[in-house]
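Colleague: Note that the protein sequences, when read in sequence, are chains A, B, C and D. Here the first sequence is numbered in numbering that gives the first Met the number 0, starting from 0 and rising by one per residue. Here the second sequence is numbered in numbering that gives the first Met the number 0, starting from 0 and rising by one per residue. Here the third sequence is numbered in numbering that gives the first Met the number 0, starting from 0 and rising by one per residue. Here the fourth sequence is numbered in numbering that gives the first Met the number 0, starting from 0 and rising by one per residue.
Among these hints, one or two may not hold up.
[Unchecked claim] Have a look at the derived ranges for each label pair, beta carbon to beta carbon: (1) A20/D with R283/C: 16 to 26 angstroms; (2) E28/A with E150/B: 21 to 31 angstroms; (3) H37/D with A322/A: 53 to 63 angstroms; (4) A322/A with P306/C: 58 to 68 angstroms; (5) S249/D with K27/A: 48 to 58 angstroms; (6) D111/D with R83/C: 35 to 45 angstroms; (7) A336/B with R283/D: 40 to 50 angstroms; (8) D220/A with P306/D: 30 to 40 angstroms; (9) E65/C with E150/A: 49 to 59 angstroms; (10) M68/A with E346/C: 45 to 55 angstroms; (11) E346/C with D220/A: 24 to 34 angstroms.
Keep in mind the hints are simulated off the structure, nothing from the lab. These figures come from a predicted structure and were not determined experimentally. Beta carbons: idealized from backbone N, C-alpha and C, even for Gly.
Number of protein chains: 4
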Amino acid sequence: MLAPATDAALIILLSLDARPASVVAALKELGLDVEVLHLGDRTGLYARDPRGELPAESIGRIAGVERVMSLSPRAPLALATKGREGGGIAVGPARFGGGFVSVIAGPCAVEDGESIKSIARQVAAAGATALRGGAFKVRTSPHSFQGGGIEALAELHAAAREVGLSFFTELTDPRQVAQAAELVDGIQIGARHMQNFPLLLEAGRTGKPILLKRHMAADVDEWLLAAEYILTTGNERVILCERGLKSAESHVRYLLDLGVVPWLKQRIGLPVIVDPSHAAGDWRLVPALARAAIAAGADGLIVEVHPRPETTRSDALQALPPADFKRLLEQVRALAALDGRQLASLETADAVGG
Amino acid sequence: MLAPATDAALIILLSLDARPASVVAALKELGLDVEVLHLGDRTGLYARDPRGELPAESIGRIAGVERVMSLSPRAPLALATKGREGGGIAVGPARFGGGFVSVIAGPCAVEDGESIKSIARQVAAAGATALRGGAFKVRTSPHSFQGGGIEALAELHAAAREVGLSFFTELTDPRQVAQAAELVDGIQIGARHMQNFPLLLEAGRTGKPILLKRHMAADVDEWLLAAEYILTTGNERVILCERGLKSAESHVRYLLDLGVVPWLKQRIGLPVIVDPSHAAGDWRLVPALARAAIAAGADGLIVEVHPRPETTRSDALQALPPADFKRLLEQVRALAALDGRQLASLETADAVGG
Amino acid sequence: MLAPATDAALIILLSLDARPASVVAALKELGLDVEVLHLGDRTGLYARDPRGELPAESIGRIAGVERVMSLSPRAPLALATKGREGGGIAVGPARFGGGFVSVIAGPCAVEDGESIKSIARQVAAAGATALRGGAFKVRTSPHSFQGGGIEALAELHAAAREVGLSFFTELTDPRQVAQAAELVDGIQIGARHMQNFPLLLEAGRTGKPILLKRHMAADVDEWLLAAEYILTTGNERVILCERGLKSAESHVRYLLDLGVVPWLKQRIGLPVIVDPSHAAGDWRLVPALARAAIAAGADGLIVEVHPRPETTRSDALQALPPADFKRLLEQVRALAALDGRQLASLETADAVGG
Amino acid sequence: MLAPATDAALIILLSLDARPASVVAALKELGLDVEVLHLGDRTGLYARDPRGELPAESIGRIAGVERVMSLSPRAPLALATKGREGGGIAVGPARFGGGFVSVIAGPCAVEDGESIKSIARQVAAAGATALRGGAFKVRTSPHSFQGGGIEALAELHAAAREVGLSFFTELTDPRQVAQAAELVDGIQIGARHMQNFPLLLEAGRTGKPILLKRHMAADVDEWLLAAEYILTTGNERVILCERGLKSAESHVRYLLDLGVVPWLKQRIGLPVIVDPSHAAGDWRLVPALARAAIAAGADGLIVEVHPRPETTRSDALQALPPADFKRLLEQVRALAALDGRQLASLETADAVGG
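I would like the entire structure built from these sequences, with the hints used as guidance.
Modeller: Here's what the structure looks like:
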């Protein structure tokens, strides 16, 4: 049972020249309960909305109101997950949280049936437990390659099944969800669709695990409220994924926010993973950022891997060659062990029943 | 007839320790034509892709390549609009560009049939030529008011028709487009959906004027490429709308980028309007920003107006009272006249055949 | 007489699991007066520090404290200037505020005595009332031209005096201030030195007008507190100058924050001017941004002007040719007149006694 | 011997409507050597400035020039350090780089002689090899505590000497440098003074190790060019310190840029350390960020430690209690060992001759 939002409650600071009685009257007319707070030479109010839909912003519009401070949590369903992490979220052999670290790996886009199978074998051998690959691509330009669509999805499915990996793919249109949901193990919501609320609701209703990437300009509140949309469907299998923020810097494509990992883990119970590939935009920086993410406490990684990046039609600069990926996973295994965690693997999957 | 993308062409700078012959061989294997450039003690290459789908990023992945500089325009359809502005884009009595400035005004969300009619009358009397109002709201939180849906759309339509205004409303889901397109005069794509490409394509295919807001973290390239998606449908009636960028500042909600107005107008032929309300997030700053936008050359404004902001369930802080809006439109009229432009009005509409 | 800071006062919100008595005890041990606020199911405290040096951040470190909201103004001296604008700040014939708009213009750096005189004559003829020119340059690279030093300052002084303009130049080192103060009419503190507090204090103590540029990453609070450093010296002749903020955008060099103009003018009494040249970094965008600044209510402009930009060793891209500058000043004059203001000129200077 | 800057060289792309002959003539008049590059239907130029002071920006101002791409390194002295790391930079028992990781720790500001000695003993026991402590504080507000000045510096010196640590303190004014240099082991240049070039030059000339913090809005280029100023004095003992960037996020005070660590280490030979305390602004996030920094390859940390943060007059929220610091240093030791590095200690110092 999900926790309800608490009744909305506010502290209101009046301006020095306000007439408290008239502010109180205005608030009461809006249906609020109000009490006066004596704050030295200032006056404050404590206000409560019995209907629980108090718009703090509207209160700010009343003459004589200087500042409004809300006492109500904005994402109560997300906060209510804290303490209920249990064994983390399992997606086939992958397991995020609950003492396990998992790595999702694969190409940016699915190119053809043979090459995705070859990559699946290589990332599985290195220690990944889930496959990634784009079928419906979100490309900034309409003149760029747009992905292989439903056919690519079938190839991804076949490759994952053959090797024993679970797999994630990004969906971008609410009209794709029903059909795709029959095949996919986990639905990825890309950064650019983090606030595509019709899509979030459709995806949530499938009951499938949702990998929710943070928009490259979203603050944590906006990200948690996007998760909150999914949680309102009753689906609690949400995995948050930090992938870097836009900035004025140009030496990395996006600025990876690793502080958000402990911040989230101290407040909510959903797993948090990191995408070092899209953040760096440069394969030479990916291993260092991946290690940093695990050392900061991330529950997993999603990494782009490709054996011949110079031939791909998207994201060539950030794809890690398989040999570098293998070396990285050895480091990830050692880092996880340092704080008593375990890299999920195709072998442990049976043991833990994932 | 829209201009095609030119063949992709690149300048490639080799690193000091590169072996030019092996880079040239790698490029030829990818199907490129290559010529060597002698640059003092450095070596460069000029490369051309006869298929016109050269992925510059992939070239950067070849050993020995230090930097890649593309010579091809990224948004050729948008650039091709330059010089074809003509009389601007007319939407009923509103006219954006071609010597005309137009103002779209109305509430954040449609609340009920009577109040939207009352606001429509007030903004028309002040000098607006189009009505705005949200029916399908994009709300950061699932616990916030989500808009009145198709019913609200009908009320908006009725109010606009009664007063003689055209109207714009935001669509957020490709599944809404067909039904809504029967009623709306102009489709607004909100900032958060600027890169919702399935939605852009559906909206574009209706042939209706599209008001394309810039995402609060989009650079100009990303914005123009979103317009480019619409232009690929053959619909050239795209109105760009700057509404402010995310920043570390807190005295305004978003940082309005007025430099983008002359930058765009020097390069493309689509009208550019400005939304001072969402940028400011504070009605006291709206008139100054609106005046600045017109002085910078914007082809119009979209402004939130509400007679009793403290009772609304969204965006209360930024709504301008009708009296302030009226005063603002007088200033806008005078500013437009300073550089020989005219504020479109219900009266001039007949004269210009809009 | 400058207003003193008020006693520090705080509202403290306790966490749900806090023991109020122990928080109160901790606060009293730090010397604070405390009262309990009843906030529904939450507990708050109102705390006051009789010594007026209460560190809100330290309070946040006490176990059981969830949030702290300060009731004290951070920049009381800056706020106290509100309502005391009077006739604005006059610097020779230039006058910023009090119904006057003034334009400072000139080259990025002083190159030689003849060329600075020639530019001074041209900007004065167009309508500028103050000359700008760098003698001590702040250059990002040590390999760039560093300015002509004290000799350049003398040339700037000679040029300004010959034409009847006042002049501003940037100082960068507290050791320069005493000598330079004998010549300059106004001291410019550049963006990169906005928080060079030893320099601010030395400059403030000269009693000369100080043109305080906002750092390209400073929020308004930081900017006002830099002004506050100058105000503590008793020097109230501070002119604030917005010159654009760093952003992820690349079509303009800095993002000009015009919302800050009305925001400041609604709260403090110091003049606010705008530098469109450094913001744009591109002369083709300068006139539009300059007009926008005046339409937003700015009290003046500082504009880079150079007759042969391609020969200069700094800031070539943003310098306006004299003919464009002349045209711009005509527009500025008309824009100022729209809201009842006047462009200060060498002629009006005598009339107003500036 | 420091490497000289190479001659400046440029690739210039002409606009489609340019007349190449007139651009070439303009460049030659500026003293450049020019060769024409044939780029399909476009024309480019390769230009070289024999005097080596070619201003790329000025070239951009010539009619017909569309884009300019510089082939010259901007910070040649910084780049020349690559490959000359040797044993890293030793500052007493601390050693940054060359296989060693070192931790600088201590309070934000020196409060009194006894407490700084007590903290020095605690951080040394935990494994720090250098002490930090502010004597000349850079405070955003003039109404905040400004540090204990030269007296605090003497107390810091006494505490460090008693325990056997080296110590760093921030200098903020070129006039302090000579006197302070007699006592300090390492000079810290704070973020806000990163581009205070007169200060950088004075500090560099002392020959002391310089801890150069990155400004919270500086891109890597600006940071390296600040280091370049110091390197021009012949002082190569520069330690770079990343401390987080300003952003729109509020859950951390600054966004720590860990991607810059591998980026720098792949290009230059100067040590790079990380300040997780100022980045986080919250002690609960400091250990995770500190671990991430070491996992990303940082050569050390600078950490704020205080036994009773709620009593301090600055930075209370970010100070780590000594017990947490001790636990963190055990983790740092284990992380360093994972990639074959060693945490420098008072014991190893003798062995390595630091």
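Colleague: Hint says 48 to 58 angstroms; check whether the CB-CB distance for S249/D and K27/A agrees.
Modeller: violated, 33 angstroms
Colleague: Is it true that the C-beta distance of H37/D to A322/A lies inside 53 to 63 angstroms, as the hint says?
Modeller: Since the Cβ atoms of H37/D and A322/A sit about 40 angstroms apart, the hinted range of 53 to 63 angstroms is violated.
Colleague: Has the hinted range 49 to 59 angstroms been met by the Cβ atoms of E65/C and E150/A?
Modeller: holds, 53 angstroms
Colleague: I want to verify a distance hint. Is the separation of the beta carbons of A322/A and P306/C within 58 to 68 angstroms?
Modeller: Distance hint for A322/A, P306/C holds at roughly 60 angstroms.
Colleague: Given the hint of 40 to 50 angstroms, is the C-beta distance from A336/B to R283/D inside that range or not?
Modeller: violated, 59 angstroms
Colleague: Should the hint that E28/A and E150/B are 21 to 31 angstroms apart at their CB atoms be regarded as holding?
Modeller: holds, 27 angstroms
Colleague: Range hint 24 to 34 angstroms: satisfied by the CB atoms of E346/C and D220/A?
Modeller: About 55 angstroms separates the Cβ atoms of E346/C and D220/A, which means 24 to 34 angstroms is violated.
Colleague: Do the beta carbons of D220/A and P306/D sit within 30 to 40 angstroms of each other?
Modeller: Given range 30 to 40 angstroms: holds, Cβ gap about 34 angstroms.
Colleague: Range first: 45 to 55 angstroms. Now tell me if the beta carbons of M68/A and E346/C are that far apart.
Modeller: Given range 45 to 55 angstroms: holds, Cβ gap about 53 angstroms.
Colleague: Given the hint of 35 to 45 angstroms, check if D111/D and R83/C actually sit that far apart at their C-beta atoms.
Modeller: With a Cβ separation near 41 angstroms, D111/D and R83/C satisfy 35 to 45 angstroms, so the hint holds.
Colleague: Just tell me: holds or violated, for the beta carbon distance of A20/D and R283/C against 16 to 26 angstroms?
Modeller: For A20/D and R283/C the Cβ distance comes to about 24 angstroms; the hint holds.
Violated hints, listed in ascending order, are 3, 5, 7, 11; each of the other numbered hints is respected by the structure.
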